[in-house]
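Peer 1: Grab the two chains, each in its own frame, and use the hints to assemble them into the complex.
Protein sequences appear in the order of chains A and B.
Take 1 as the starting number for the first sequence in the numbering used here and just add one per residue.
Take 1001 as the starting number for the second sequence in the numbering used here and just add one per residue.
To be clear, the hints were calculated from the coordinates, so they are not data collected in a lab.
Computed from a prediction, not measured in an experiment: that's the story for all the values here.
Just so you know, not all the hints are guaranteed correct.
Calculated pairs, BS3-like style, for lysine-lysine (alpha carbon to alpha carbon, straight line, at most 27 Å) [claimed, not checked]:
1) K305(A) to K295(A)
2) K265(A) to K365(A)
3) K1126(B) to K212(A)
4) K98(A) to K1126(B)
5) K359(A) to K327(A)
6) K174(A) to K373(A)
7) K305(A) to K1126(B)
8) K359(A) to K98(A)
9) K169(A) to K365(A)
10) K35(A) to K62(A)
11) K174(A) to K365(A)
12) K344(A) to K327(A)
13) K294(A) to K373(A)
14) K1126(B) to K62(A)
15) K1126(B) to K265(A)
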Amino acid sequence: MLRKRLLQTAAPLVVGVLALAGCSKGGDEASADGKKVFKIAYEGPLTGESAALGAHMENGVKLAIQQANAKGDLPFTLQYVPGDDTGTADQAPAAAQKIIDDDQVIATIGPAFSAPTKAVGQLYSQANLLALTSSASSPSLTTLGFTSFLRGIPNDNAQGGGMAVYYAKKVKAKKVFLVDDKTEYGVGLSGVAEADLKKDGVQVVRESVPQKTPDYTAVATEAKNSGADALIYAGFYADAAPFAKKLKEAGFTGPKIASDGTNDKKFVELAGDASEGWLLTCPCVDPTVDPDIKKFTEDYRAAFKVDPGTYSAESFDAANLVIEQLKALGTGATREALLAAVKKADYKGLTKRYHFDDKGEFPDKAAFLYQVKDGKIVYQGDVNTLANG
Amino acid sequence: MSLNQFWDYLVPGVALGALYAVIAIGYTLVYGVLQLINFAHSEVFMLGGFGSLIVLTSITPAHPSALVSVLLVIVGLVVSALVGGATAFGLEKVAYRPLRRRGAPKLIFLISAIGASFFLYNLAGKLFGRDPLPMPHLYDNNVVLHLFGARVTITQLLLLGCALVMMVALDLLVNRTRLGAGIRALAQDAETASLMGVDTDRVISRTFLIGGLMGGVAGFLFGLNTQVSFTMGFNPGITAFAAAVLGGVGSIRGAMLGGLLLGLVESFDVPVFGEEWRYAAAFVVLVAVLMFRPTGILGVKLGRAA
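Here chain B stands alone, though its shape is the one from the complex (with noise of 0.2 Å):
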């Protein structure tokens, strides 16, 4: 690999890795505020691409215009935040809550996450087909600029910009509004949070639905990028969990980061060792960070500020 072609595997690890960040939030918010891995989530993230699947190929135009491109990429976007969101949402209500509301042990929301899981991805199946599906052809994946000699397409630059725009978003939301001070003091201390006055099954439930929302806009962009497909959750699901703990789970800047790194090492691995180490390679280095540092790397809790 000469130093030209460092770029070439540079721009698609990161955004690569961009999306697991967006994915890999879902868990660490989840984590954060119920200490709970929600194992469905990459259903959430199927979801939404299969919502803003069904809902752009009943719209989309044979030659859309690049004005209605733009319309329709957005359409997908809020399609499949909507979905992801409301699955989520429900799943929360559905899967989680009434064990919270009896105190079940923590295994308990284990088996319930997996069992979810398993019903959402077997119903995909069932409803939409176990074939994959092509996202409708909203416009060309032309090559707009050149990043010293790499490639860049449009669906590169559209998966980085939106991950960007999520992140940055819901840095803010966390550190600066009401919602987001409850979301913290709930990850701090859930039962003297809820004696100061926080609403504790509000916060859980927005704090699953804006997990969701950018859930589902990840599965819209995966589906841009590929193709979309009931098994489509489950490699960048496990793969942004893994993300999550390696950035220290419960933080919402250690999910971007580990996200962002381990999209790296995937990248880098194939010219280095060869696709086949693709996912060996991404989790040596999970194992190595967690030996030296158990917490993961920005592995303080989300209560202490994100």
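Here chain A stands alone, though its shape is the one from the complex (with noise of 0.2 Å):
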């Protein structure tokens, strides 16, 4: 009876602790040496297939901030945010919008991904929060008129395009088999890379295949029997893999290309044998071949306890370049003031210039290949220069 007593006054109280709790969150709170608080927030896939991609973009994005901290110079204190969105366009809006009501949050460095971005590109521009993404590449994100959003990284014109040209080019390919992951990003992608090819006079044989089919025998066998001399697979490492596979059962043996999206140690790993001698895009570089990026991958190393991967470094420039901004503007930043500011930044990062055009489009065109060998992703050069040489 005293117990069921207890429950009926604790339960209550407890409500109403909690229900406080949860308002002083939104408030004008200080940080514990006093100082003004902004948050950084990073929307990306941190659980779900792509987690392992959304990982090497959060530690970046953290390591800028603690870095910022650690220095003491700041009139404020930055912190950190997580935004989950899985990768997928369904559980954007969630991630956005937990992101956005959060006062204290004055950027977000994201989305990783093509999908969600299209998703809540006009979440983002409605509360006048900038949306930096680094990763988030399909050309068609700065069409749509979001108001907010800058990209960081050259579009998929580039990689498409990129590979087109190699193929072209470099491996005078007469047809070349296509499959994109039916995903915003990989079905944009190829569609730059089919028309690029086309306009070359290379054949093109495009297939789509949604993410997670559980045998990719069939297309295997397909891409082997339709006779082309080369491939290209736009799309994500955990279908990469596997397709890698069963095109090494089933004989194919011309050059491959993936995309960024599979250009992750994850993919040799998951691929094994099958992996090897893929060739591999990215719009970023490698981080191990610029010795500017050196320190970079050694606190990268001491704080994570990893290598840096895909984009880490982009993303660490991306927070970089908001928290110098933010620097300038002072205590009484806003997030209508540092959007303004970082569109008109012109920003040195550790990976390239950072500059933007009046659609928030990232101007300069460039593309970078890799090339799997002895179970290594190893830096072969920019493409177009691999390509016309």
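Peer 2: Right, here's the structure in full:
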């Protein structure tokens, strides 16, 4: 009886306390040292099939925030907020809304993937909250009228065009088998590659294979039977790996290129021998090639006990670009002011020079080629240079 | 598609169909004795894959010799069977038996099944990570023979061989043993069977066990063929469920036939209509068959001999 009474009294109390705790979250809270707090969010896949890609980027953002706080010259304290959209359009609105509703969030790095970006670009625009992506590369994203979306990498016209020019000029392919994964990203990228290949007089056989298809044998067999002498896969490593295995089993021996969604050591891990020789494109540079990035790589390893991956350095750059503008604005910074400042920014990052055109597009076109050799992803160089060389 | 290429699609279609058939049997068996679709069966399949993956990863040497490869495959089969069997057995104890004791309506069983499925799915994601994992390299998956020009790999042979052995063994078990008689009796009329001295609880939990053993093995074979991930159960699970319905749910031979048929449809769909139509084609076949034969192709009850 006593227990029941206790529960009856305690339950509303607990609820009340929780509600209060919830309320205080939105307020103008100061950090432990009394400084004003600004939060930088990251939206991308932190769980789900592409979580490995998302973690590389999240770590880049986290590292930039940690280092900026550690320097001690900021008039405010920076905090990190994760927004897990699982890399899918259906989870993205909830993730973005959570970020937008937090008044202390001043900028978002992301969304990481193209489909989620398409789904939430308008939400960010309405909130005047900067969404600076370090990886969403579908060309259509900057044509949809989003006012707060900026792209920190060359779009897929560079990658798709790079694949096409490499096959047309260097490999001198007659017929290319082109597979996309039916995502916003895969379809956009392979569309660019298809158009550019046809322009160069190369025949294209195109096939769409939805993600998570349990068996790629039939498509691999079709690739072989199509008589194509080269192949392109536009999608993510979780699907590229089983496809690579089946291609090897089917006896497809021509050159194979996959895009940045596949450019991760997980691809090599999953596909094993079958990944050997695959070419991988990326608008990202190899962090181990550039000496400027060596320190970043060391810091990253020290902080997270793993090597930086695809887009780690780009995400680090994007966060630092935001932090630099925020520093100039000081404690009075607003979302609007920061958005305007970043749009006009010209920032030299580790990976490249950051600047944006009036649509928020990254104006420089570049794509780099990598190749899987002895189980490692090895940097080859600029794809256009390689194709024409 | 020329005649030569016909065989190129037939071989993988049969291999995939055999896999679907083995999973479909799990659905059909449980339906036979309980008139209930065990929606958590796809997670039994998934956990079988993980069980074998974890054990094999810890014991597989870098370059196994032929003999070691054979042993490793056997270990994989046994471990996945045990994990799958234990999962299904436990599932029946936790998610279904308490409901049965209370005479809960069928709908509640369905919810319980879906709940168990979600729980296991998310548990696996939490425990093993959300990224797909590769099976360790047990052997070089070479082409061992050419069937009218089509390449047949070791994995495909293994898949087909294991499926055949399991299906024949099950057929014998159901038709020739005491447990099989119990399963058939229960399927035909649970009440009468129990009055005639069939230990209902025991037969039901063993039925789950058998379906689980087979589902677990299928998980291992699937992982060997592609990779293992916490989401791997979903697509094959749905297809196998459709296969069970197509063959006539409750009929074991029907499940085998349905699985094979859907595997073939999925394989031949690619050269004919294109990969995008894969599932659409499979389900058009399903609906078409059910329109003319609502009980499924071999739609007799499990009770009247498989």
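Peer 1: Which constraints among the numbered hints does this structure fail? Numbers only, ascending.
Peer 2: Violated hints: none at all, because every hint is consistent with the structure.
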